[in-house]
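Input sequences plus hints: build the corresponding full structure.
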Amino acid sequence: MNNQSLDPRVNRLKLNASGEAVTVQEGENWNVFEVFHQEKRGAHHEHVGCVHAPNAQLALIFAKEQFGRRKKCVNLWVVRSADILAFDAEDEDMFANNGEKTYRDASGFKVMEKINKFKKAAKES
Amino acid sequence: MINTTAINALLTAMADDALIQGHRNSEWTGLGPIMEEDIAFSSMAQDKIGHAWALYKIMQEELQGGDPDQFAFLRNEKDYKCCHFVEHPNGEYDFSLMRHFLFDHAEAIRYELLQQSSFQPLQPLAKKLKGEIKYHTLHANAWVSQLCRAGEESHARMQSALNTCFPLALGLFEPGGEAEEILIAEKVYPGEKAIKEIWLDKIYNILSVAGLNLPAEKDAEPVYGGRKGYHSIYLQPLLEEMGAVFRTDPAAIW
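Which chain is which? The protein sequence lines are A and B, in order. FYI, our numbering numbers position 39 of the first sequence as 39, with every residue one higher than the one before it. Every position in the second sequence, counted from 1, becomes a number in our numbering once 1000 is added.
One thing to keep in mind: the hints can contain errors.
FRET-style restraints, in silico, Cβ to Cβ [as the list claims (entries may be wrong)]: (1) A:HIS47 / B:ASN1003: 51 to 61 Å; (2) B:HIS1155 / A:ALA96: 47 to 57 Å; (3) A:ASP105 / B:ARG1149: 48 to 58 Å; (4) B:GLN1070 / A:ALA43: 20 to 30 Å; (5) A:GLU39 / B:LYS1187: 22 to 32 Å.
List of simulated lysine to aspartate or glutamate pairs, EDC-like, C-alpha gap at most 20 Å [as the list claims (entries may be wrong)]: (6) B:LYS1228 / B:GLU1152; (7) A:LYS71 / A:ASP91; (8) B:LYS1196 / B:GLU1181; (9) A:LYS72 / B:ASP1047; (10) A:LYS40 / B:GLU1132; (11) B:LYS1202 / B:GLU1112; (12) B:LYS1130 / A:GLU65; (13) B:LYS1134 / B:ASP1219; (14) B:LYS1128 / A:GLU34; (15) B:LYS1193 / B:GLU1180; (16) B:LYS1078 / B:ASP1067; (17) A:LYS71 / B:ASP1047; (18) A:LYS71 / B:ASP1219; (19) B:LYS1193 / B:GLU1112; (20) B:LYS1134 / A:GLU65; (21) A:LYS72 / A:GLU34; (22) B:LYS1187 / B:GLU1174; (23) B:LYS1193 / B:ASP1219; (24) A:LYS72 / B:GLU1132; (25) B:LYS1228 / B:GLU1180; (26) B:LYS1193 / B:GLU1217; (27) A:LYS40 / A:GLU65; (28) B:LYS1127 / B:ASP1047; (29) B:LYS1202 / B:GLU1181.
If you're looking for bench data, these hints aren't it; they were derived computationally from the structure. Please read all numbers here as calculations on a predicted model, not as lab measurements. In this text, a Cβ means the ideal position worked out from N, Cα and C, and glycines have one as well.
Shown next, in the form of structure tokens:
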């Protein structure tokens, strides 16, 4: 069976059909790094995508050309995807009732009446 | 008034180095080792061609030179002043990366010194390119340090690439004779030898941290000739390919 992949990193793993466990050597598998883009100084860093790299420094260097070469950019962050803590997909149910709790929406407060009353009073005085 | 012939020689050498190095590096487009690196290397190749264009433009506007496109694509081989280092075929990625490392550090030093050039038009250009070249050297340093730590074969390949590149890279600093003396006296730039000394210090520090041995300069036979128009066998075929589209209709407007 021909297991040749277009990705040399996969070929180097010497995967075979027998299903034996594969030992991955240090540095053999690159990490995925999430990239965060900052458009101007003081602004939030926004997530824009990811890059493959052997270490954080090269991830930053790749990120600069992948994500920082067209629109305005003053800085980038990279974070190893594996270092990000997230909920499991099955815990999505924790957020299920959000839609019903509309009283938590800021839009739920009715204040225009009070504002208009205040404005009117200010005009008259 | 600065000697026009002398300044032309310097700018042509710098621009031709950048053009040919940019063209060679662009040959990796689509063939890079991984997608991210392919994009980064191609983008820097484009930057190099941009540097060449900016220098040709200065020659046109300040020194009665010809149209940059015509000058870049239609000269005879003998009129190009690039060094042999940039003419050599890409070979494997170790050679290309090492060339990129050695070339860009030399370029970074050259442009930094040109920020104080008495030839005024070079000052704003040198300042403008500073950030771009800083990225190029950062990229080169990161790869050199990564590959020198990536196992025996990787380290051996990098050392071998350095040994091959070093005498060629010394051609970047080929003495410019009388013209160079004039430029030094006129404070256009401090001369090739001065740039080379700073370069040797700079690369020595980075290479030794990476565990590579910089060959001794006294044992290396510098590959000269390019600045006088004597080139390696690799330049002519490159020029034919690089100018093929342009020559189909040199008057075309793009």
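Hints that the structure is at odds with (numbers, increasing) | The structure breaks hints 4, 5, 6, 7, 13, 14, 18 and 29; every other hint is satisfied.
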